[in-house]
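Asker: Required output: the full structure, derived from the provided sequences and hints.
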Amino acid sequence: MQKQVIEIGGEAVGVVVPDEDRLKFVAVKYSVWDLDSQRFSSADEVRVAIRRLLNDPAAATRSMSPAHIAAA
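If you count by the numbering used here, then the sequence shown holds residues 47 to 118, one letter each, in order.
None of these hints come from the bench; they were simulated from the model. Any given hint could turn out to be false.
[Unchecked claim] Taking CB as the label site, the calculated pair distances span:
no.	residue 1	residue 2	range
1	Ser83	Ala104	26 to 32 Å
2	Asp67	Asn101	16 to 22 Å
3	Val51	Asp80	14 to 20 Å
4	Asp102	Gln48	15 to 21 Å
5	Ala104	Gln48	19 to 25 Å
6	Ala104	Asp67	26 to 32 Å
7	Ser87	Glu53	25 to 31 Å
8	Glu57	Asp102	18 to 24 Å
9	Lys49	Ala104	28 to 34 Å
10	Ala58	Asn101	18 to 24 Å
Ideal Cβ placement from N, Cα and C applies to all residues, glycine included.
Answerer: Okay, here's the thing in structure tokens:
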């Protein structure tokens, strides 16, 4: 898999790139910076995390399990 651009509302907010057996999110917009370098199982999972973050910034951090968080 190559990198995949992640768009929310028609705006590119980051990309996912393969990282071992997961996808690593690379933020390109400040509004999603809290998710930068986190690893996910799918692009859809990234989009869900982004929407959660944009709707309630505190909720995104609370709901992330350690498996989703990669060391920077």
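Asker: Which numbered hints are broken by the structure, listed smallest first?
Answerer: 1, 2, 4, 5 and 7
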